[in-house]
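Visitor: Here are the chains, one letter per residue:
2 protein chains.
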Amino acid sequence: MASINQVIDRFIDENMERYLAETMELCALPSVSATGEGIKACADKVEEILARHGLEVQRFETPGNPIFVGKAAGESERTLLFYNHYDVQPPEPLELWTTPPYEPAIRDGKLFARGSSDDKGEFISRLMAIDAVREAHGGDLPCGVVVVIEGQEEVGSPHIAQFVQEHLELLASHAAVWEEGGVGREGPTTLLGKRGVLDVELFVETIRRDAHSGGANLLPSAAWRLVWALASLKDSCERILIPGFYDDLKEPTALDREMYEIYPNLLQEQQAMLDQYGIKEFLGGKRGVEAELMVFEPTCNIQGITTGYQGKGGKTVIPARASAKLDFRLLLDQDPDDIEAKLRAHLDAQGFSDVKIERGGAMWPAKVPADDPFVRLSAETAEEVYGMPYHILPTTGGSSPVYAFAKPLGNIPVVTAGVGYWDKASHAPDEHIRIEDFRNGTRHVARILAGFDKI
Amino acid sequence: MASINQVIDRFIDENMERYLAETMELCALPSVSATGEGIKACADKVEEILARHGLEVQRFETPGNPIFVGKAAGESERTLLFYNHYDVQPPEPLELWTTPPYEPAIRDGKLFARGSSDDKGEFISRLMAIDAVREAHGGDLPCGVVVVIEGQEEVGSPHIAQFVQEHLELLASHAAVWEEGGVGREGPTTLLGKRGVLDVELFVETIRRDAHSGGANLLPSAAWRLVWALASLKDSCERILIPGFYDDLKEPTALDREMYEIYPNLLQEQQAMLDQYGIKEFLGGKRGVEAELMVFEPTCNIQGITTGYQGKGGKTVIPARASAKLDFRLLLDQDPDDIEAKLRAHLDAQGFSDVKIERGGAMWPAKVPADDPFVRLSAETAEEVYGMPYHILPTTGGSSPVYAFAKPLGNIPVVTAGVGYWDKASHAPDEHIRIEDFRNGTRHVARILAGFDKI
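As you go down the protein sequences, you meet chains A and B in turn. Mapping of the first sequence onto the numbering used here: position 406 corresponds to residue 406, and the numbering continues sequentially without gaps. Mapping of the second sequence onto the numbering used here: position 405 corresponds to residue 405, and the numbering continues sequentially without gaps.
Note that these hints are calculated values from the structure, not bench results. Watch out, some of these pointers could steer you wrong.
Since copy identity is lost for identical chains, a pair holds within one copy or between any two.
Unchecked claim - With a straight-line cut-off of 27 Å between C-alpha atoms, the simulated BS3-like cross-links for lysine-lysine are:
hint : residue 1 : residue 2
1    : Lys-356   : Lys-280
2    : Lys-280   : Lys-342
3    : Lys-71    : Lys-454
With the hints as constraints, model all of the structure from the sequences given.
Guide: Structure, rendered in structure tokens:
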């Protein structure tokens, strides 16, 4: 009799065409959350697809785009959650696509389309994994599944946290497989943490309209007020000067450091990054493990500044208005609400009460312990599927709504596993997945699902 | 027998229509130096008009627009120079004009057109003054005249200083009547000084292209580099921190202060300015004479800053490039070349060698002593013409190429006298002159010319 894994793999091999076709069907529908283009039709298609795979589907309207939950019961009382999203980044610039973004095309063993990697292909791969495990278990699942698919991940998931809070029972589960998994330059890799983020815009208006710069001794300049306010936030050694900013920050653990120490070709990867940006060294001259560990430092980044005259030549004006967009990347146990309050208190204390703060969005940090049995399951199954070592990294520089699920659902462990790879061009022209990664990512997720009731 | 002044006034009264028509003829031709629109045709017309009034005309090509010099000899060896320009500001926004900018129209005792006040009407007024004085002197002039009219005043007069240096003999004169004279809120007024100005743009590029803000612990941000460099230039008490910046600065004199002390309705004018900009007080809480004297302080003004993402919402990028446009207003004896060198030295010393400086333009400060006989002549003739006190102010917040003439020609005194008034809307829609000011400004300039050989 064939082993569970043999049945899973045979199912996947025999049905690849069908699931690739389903991926292409979904990728043919635009669904740009930034502009709203195509969202409704794509959401309806997602609902249809979830039902097509035997899941009990619920549709939830939000102030933004609908969120869907597909559920299936399992033999054990354990439940595994999958998180994906059906919205995509805008496809522009269109002229850089080899084939149009919404006309999915297969060439050279790759499937090209906007959303192929991020995140429609990964969504379909998970449905294939569920179907494969059902096949291997005589039609049943060994554990329950909750498939959550939202429509605003690319614009910061503004409604997902509240949705989770309001549906704790519906979403109750014991672990989650996140999006954006797959194969890094050094082989299959998972990330155990995400930084939090606080997005704010600072605004200041000093005079009713721009004035002639001959009056600069008398009229307050919004440009200068903003420069001084910004300079009060971080010194040129990159130290953030907001009182209490670092209070709740945890040091990286010995295990965090070890994950980088055993990660292969760190220096080569860093050299590639230095070359890509045309610089000789990273900030502070950091290199190797020390450079990687900088991801455990929070940041205060200026996304952009706008004030006054920006055209050709000069214009002798005193700007009336100035604004800067900032993002703060945060780590455990920093809280975006607390950081915003500290930012406000700092600006007030420095004499910048006239500088207004408008929050753009916030996500909380999240982290899974490296020694969690679910991480082990993910690692062991990956090594079996890919036939090579599985790399585990403690966190990533970016942010995601992992926090919205992990803590409210009872500090459940979350891993990334999926169909992407390091050169997938998500968010860019010619976004694609390698068909071999689609196969292997599905085999990996199916094994996690098949083994989940035993840990 | 009629006095000189009676003949002058009769000539002006009898010929107003003709000179207004000539002003309208010239204003009907666009001549926007910022875009080049109409410059050639307008320059040709200027040449024709100068010759029409019996001046010996020379046309000088420059790397920019032509400069014209019209000369006439006089009975004495003394020579008076007039400075004007034939270029205008762009007329936009067109929809705010009551009648089109290049279709000169007279209504309510005013002549509306782009250039009517700044500076074509003033140019024609001076030709009328010369013609009136000739009429009163039996066809001759009591002193020589040099009429200089350039075509790039509205873009910072980039070629005038070199032109003067190369034509010192041609332009040799004993005093000059500058543009932009006329009637202020409190009556006829002249300004004895102009601040200098240094325009620069600071640029910094830290990485080859914008990066994801998750990398902000490792990749240097151009936005932050620029903020820190700018914050190093001026503190929030408005003190400029560039070493040596204030070294060559002269204190205002007792006479400078006195000019403000006797100036009428200072507080009311300042209140109007506070109301216009919607602020409760000027920088440093200055008011009255102390506020006016701030014009003797140099400035470091940010015209604009641009870096990173400036659209709607946020974008998690580290900006690769950032730039800021600055202008420094300077006073005697500050030298823009020296200030630029000190700015470079300061940035280098502060660790900002990566911040590049690109000069946009420069003008030197200039100032005429209030007790110069030429200032007295201007004051006495104005009081006779306008029948009210003449106001003399020591300097203005803005800058002009006065410096390009005054010092090279032997520290000649320069006054403003002309046809404008405080609400003329130059640089704005519905620019206009009052016909009564056109008459009085001409009478005033004619009297200066008629009396110049006697001082």
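Visitor: It remains to establish, for every hint, whether it holds in the given structure.
Guide: Hints and how they fare:
| no. | hint | result |
| --- | --- | --- |
| 1 | Lys-356 to Lys-280 | between (37 Å within a copy, 19 Å between copies) |
| 2 | Lys-280 to Lys-342 | neither (35 Å within a copy, 29 Å between copies) |
| 3 | Lys-71 to Lys-454 | within (20 Å within a copy, 104 Å between copies) |
Comparing the model with each earlier hint shows a violation of hint 2 alone; every other hint is respected.
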